[in-house]
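Line order of the protein sequences matches chains W and E. Counting in the UniProt record's numbering, the first sequence runs from 1 upward without gaps. Counting in the UniProt record's numbering, the second sequence runs from 1 upward without gaps.
Since the hints were made in silico from the structure, they are not lab data. If you're wondering where the values come from, they're calculated on a predicted model, not measured in any experiment. Heads up, a few of these hints could be off.
Here are the simulated DSS-like cross-link-like pairs (lysine-lysine), alpha carbons at most 25 angstroms apart as the crow flies [stated by the list, open to error]: (1) Lys559/E - Lys637/W; (2) Lys418/E - Lys418/W; (3) Lys581/E - Lys559/E.
There are 2 protein chains.
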Amino acid sequence: MRARPGCNYKEYYVLSHQTYEAAAPGVGRQAIERLFNPRSIALVGATERSIWSTAVQDNLTRFGYAGRVHMVNPKGGTIFGQAAATSCAATGEEIDAALLMVPESKMIEAFADLRQARVGGAVILSAGFAELGSAGAERQQELAAAAREAGIRILGPNCLGFANFVANTPMWTTPLRRAMPGANVAVVSQSGAIAGQLEQFAYQQRVGLTHMIATGNEADISVADAIDYLAGQPEPRAIALFLESVRDPARFVAAVSAAAAAGKPVVVLKVGTSEATARAAQAHTGSLVGNDRTFDALCLQLGITRVRSLEELIVTTDLFARLGPVTGKGLALTAMSGGVCEIVTDQAEAEGVAIPQLADATLARLRETLPALATPSNPLDITGAAMLEPELIARSLEELASDPSIGVLGFVFDAPLKEDKRGFARTFIKNVGAGFQSAGKPCLMMSNTFTSVNGEARALTEELGVVYSGGGVRHCVNALGHLLRRGAWQARVRTAGAQRATVDRRPATERAVLEHLAAYEVPVVPALVVRSADEAVQAARTLDAPVVLKIASPDILHKTEVGGVALNLRGDDAVRAAYDKMMASVTAAKPEASIDGVIVSPMRGAGVELFVGTMRDPQWGPAIVVGLGGVLVEVLKDTSMRLLPIQQQDALDMLQELRGAALLDGFRGAPAVDREQLARTIVAIGEAALALGPDLLSLEVNPLLAADGRIEALDGLTEWSQS
Amino acid sequence: MRARPGCNYKEYYVLSHQTYEAAAPGVGRQAIERLFNPRSIALVGATERSIWSTAVQDNLTRFGYAGRVHMVNPKGGTIFGQAAATSCAATGEEIDAALLMVPESKMIEAFADLRQARVGGAVILSAGFAELGSAGAERQQELAAAAREAGIRILGPNCLGFANFVANTPMWTTPLRRAMPGANVAVVSQSGAIAGQLEQFAYQQRVGLTHMIATGNEADISVADAIDYLAGQPEPRAIALFLESVRDPARFVAAVSAAAAAGKPVVVLKVGTSEATARAAQAHTGSLVGNDRTFDALCLQLGITRVRSLEELIVTTDLFARLGPVTGKGLALTAMSGGVCEIVTDQAEAEGVAIPQLADATLARLRETLPALATPSNPLDITGAAMLEPELIARSLEELASDPSIGVLGFVFDAPLKEDKRGFARTFIKNVGAGFQSAGKPCLMMSNTFTSVNGEARALTEELGVVYSGGGVRHCVNALGHLLRRGAWQARVRTAGAQRATVDRRPATERAVLEHLAAYEVPVVPALVVRSADEAVQAARTLDAPVVLKIASPDILHKTEVGGVALNLRGDDAVRAAYDKMMASVTAAKPEASIDGVIVSPMRGAGVELFVGTMRDPQWGPAIVVGLGGVLVEVLKDTSMRLLPIQQQDALDMLQELRGAALLDGFRGAPAVDREQLARTIVAIGEAALALGPDLLSLEVNPLLAADGRIEALDGLTEWSQS
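Starting from the given sequences, assemble the full structure and let the hints guide the process.
Following this line, the structure appears as structure tokens:
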């Protein structure tokens, strides 16, 4: 890696991979836009006997697709009542998008035709490629090469297609529903079956989709390309993503960042969290985190919201799209039942959703507003009095919204699936709407429990100015927590980093590693390398006694095992005796080892020990892991992780995320550790690791000791790739 | 407490509270049965102007209640088309159940009437009692006293009522739907509003209810009484419980046990998990666990399934009711999408649901059964091939069910809300049903995502022999995990304990506590009490050197602070010097302390330190808490808890529940700790604490040291109630 303008993680990542674009000819948003919003379509391999052909033809008809649709089949004839061309070229017309429903064996032939007809892009339904293993993967590479050569973008193979709902363009091979008015959620999925589930569920909840893109085997267009495309479209306001694996990390980071810049948050359900770690071999640091932890770190750093179920994916993305950016600390929730308030309180505690205590002034105003039976608090049980006097709702919401700690408001009430004769629900929800208007902050009405939302419920609430979700208290409160967390992410100050340059050295011994760290302003314990007992005694005298002796040898990793460590030595005699004993012991145990000498350092007292290690994720690049030393990190694997480089606030967050964080605040009467200084040191360790370039697998500081008001690296270790 | 026949927790608890029944005259299932299944009803305070009166009258009419309904209003007249009596007594008929809808101020008067009319029981809708604070609580006590005197059972006050769906008896004051055929779930809730939500949600999911009982303020009939009543009814097969607080612990334990004995599992959503602990004052042990942990322990011991949302409450109880007892280790899940299988795998990992690897023989048979594209595994992606050849489903389910590790099977497929013309779904589900029949184990078809279940979907699946839930993969898989866990609970061998007697002593000093523990076969470190430096030297010589000296004084709790501990002493001189220094130091620091002498013990090496403490929960009684010593217990509060007494398997479970459990298996080259021996020691500490009777607040062993193949209590401490 060469010198690069270091800044935050996103810029680092994108810039360090900037050659990627150049290596993938034909990549570009224009070609993709032609595919995803085609003026003309060819169904290649169309036949009335296929359920896929029938479904896509039926979809195009029902959606009222405005462009030209060509049927293409080598046998010609009449298909779906229209004369079929024997090839794309034979149509003699410009075709923006072709849907290939031909066997894998006919694929190369088909591409020759597409090339001749200058087709823009192709969706490949056909299976029989990488999903079958290595032979299939080879065929897929041939296919990708043919497409690249022909200058044609591919979606697939093994892919159900895409639907551009806003352009009434369903190139999708199973039956689909038309777009809902006001749709603003886009779905991207590597699995077509899951995309279908999401569409079904979104419709049930009356969440309108703008686009649905399945990427299948991703021979060319990946989820990153799809996200990048959607970032440029006006309709989607948030993107729901189902992810199995990221095939092009750099583009993924760039695409998610482009979406964020365009004000479109990405919500992801990524599977594979239970994968056994594949990194046990990669030094200690790798063994402390699972594969999936890197992706968690990435989400934290890129502002991606990670969810755990398909329901949560749609409910959360919908609220991002409809409530827009949320700023502020916490959620104010109002319900008409104390039981619901209690459930929400427990849930908020368990899931880390902030439901702040209200300010005294807010409580005082609520007390004036509410009937005597109701107790002002958050969550607020407005009681059944709201049924008799719905105006209470509007007034209470306004008061709650005025509290400085509140960023978003929730009101729990089930929209009726059918309006009642007496219009009670309408009156009630009208008052909720009035409250939402006066609140001046994002507001949501949510159902008590999970319920589907029919057209009538959606229409009534929209008419009365109320954003309503049928996700129920559990899903909606968690989703609002996600909105608040992303608001905080968005509000974070990101400072530009210094120029970052790699150095041309490979420190391998403890001493060399500590010296390298010191050059990056990591405080390290003083150390003198000596080569005789006399020198050891001299060195010890210059340090604050007591001292530690450690063997210095590039050939000895585990010093204790060969008698290469002597602790807590006081006085000349003890130092001399320890030196001689160590030399004898090490020479006997490792006669072939090259000995640089012995390190003399001051013995430090007890304090808080930390573990700080960097690692190189094969996919995502360098990352840093922090843990509290000893049992916490070794047994509980209590660590936090970020991709490098990090900034001061990242390091502070990492410390706070540790389950044992309280140890830093002065455990058993010990003084508190200076977290700012500790965070600076962690940032510096990251910088020191980055400077060693891409061959560094791991740099570990273990322990980093905070004791006696001092923070110091006591030992350092590196591991290098063999290449 | 006197001698009692000790056995497991349940028997201990019920027996130790057996005087409770005697103190509550009129308590008995017969009177409650008369109230909950009345042959005649009086609506007291009935008026056509009240929405409550109207709702209950309408409910009774719509349900076709077969008994006699009397309108009672002091003004007489015609109400709902029928002549009203001016009082219950004025009806001149026997009334089993009265619904009181009169103001709080008229309550005593109303009770005089009920008494005169010999009414069996009363539901009290009226509010204005304990929910308003202390003045209201007094009024409620008067009410309860009046009812007791009159021999009338009360449900409420501040209570929406009950509905006995199976007897078509809705004494419920908001509109209700009639029972569904085959209903088998009962709902009990302390909140009427939440009961209403549960009824609504259960109907939406087509979960049929047998009973719904709201208990309100519980002046008399509590959730325990309701559960006890339901335990005796044939229709409910599982009970869903919404709980705010348990007012009568002993009856609660007895009722849940009665339900379990009748084969009716209890599933509970209890709020209050986020309550700040009220026990910080109660010694160390109390500060390590929150209030709500005791209830968690109770659930583990009584086989209660605890859930976290209203949706989960209904989905889980429904599966308990319809799938019946589950025996076996794990879940086999089949879906038609790899994506769903991946989601389930991650979820199972996160939520602790066992989805076992299949045996080689099962995999081999599946390989023969399945098409080439499908890979035999668990979860099983049966692929789209099942659409073309639905017989695959039946065969695969049969093979999966034959695996010895499988206790319950799940198949993911959405039942259609309307049958399609071509009967595709019917054919498909028929094959699922055939598979379920041949499986011979409990089987569930579940929707991909959360969806409501209409009558048609329920009827179709029932007709085809398929148990179907619309709870979606997330809720259903978790619910099946609950079923498996309860199956394991049910299969546990519970041995009878020995006779347990309390002793008449109050050990307070370290020495006395350790001696008491030793009497209960807890291994304790050897110790000799000496009163001079000479004696100390003599004692040290008899022990394996090195030794520890500790001051023995009932007045000194924190020995280290006053110089009362000297560690690692070797040789006569060191012991003598330490003794003299300790005496000087302690006398200077605590001149008024009474000194019993100095304890001489062998110094033990490093090992695994545990914390074992008992505490007395003000509501649930004695409990035991285990943690791993040091940072894990102090900073992370990594503890497990059970109510006392416990058995060997409980103690083994407690150790396994610790996040740091791996420490017991030999950390950093240390030998593994003998868990069986450790568990026996923990059980013995519990027995030793119980023997000290109800005035013992806490007995702590800290540390319990496992080192050098030895397990020993090194220190012991008790705390006693002031009474």
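Outcome of the hint check:
| no. | hint | in the structure |
| --- | --- | --- |
| 1 | Lys559/E - Lys637/W | violated (34 angstroms) |
| 2 | Lys418/E - Lys418/W | holds (20 angstroms) |
| 3 | Lys581/E - Lys559/E | holds (14 angstroms) |
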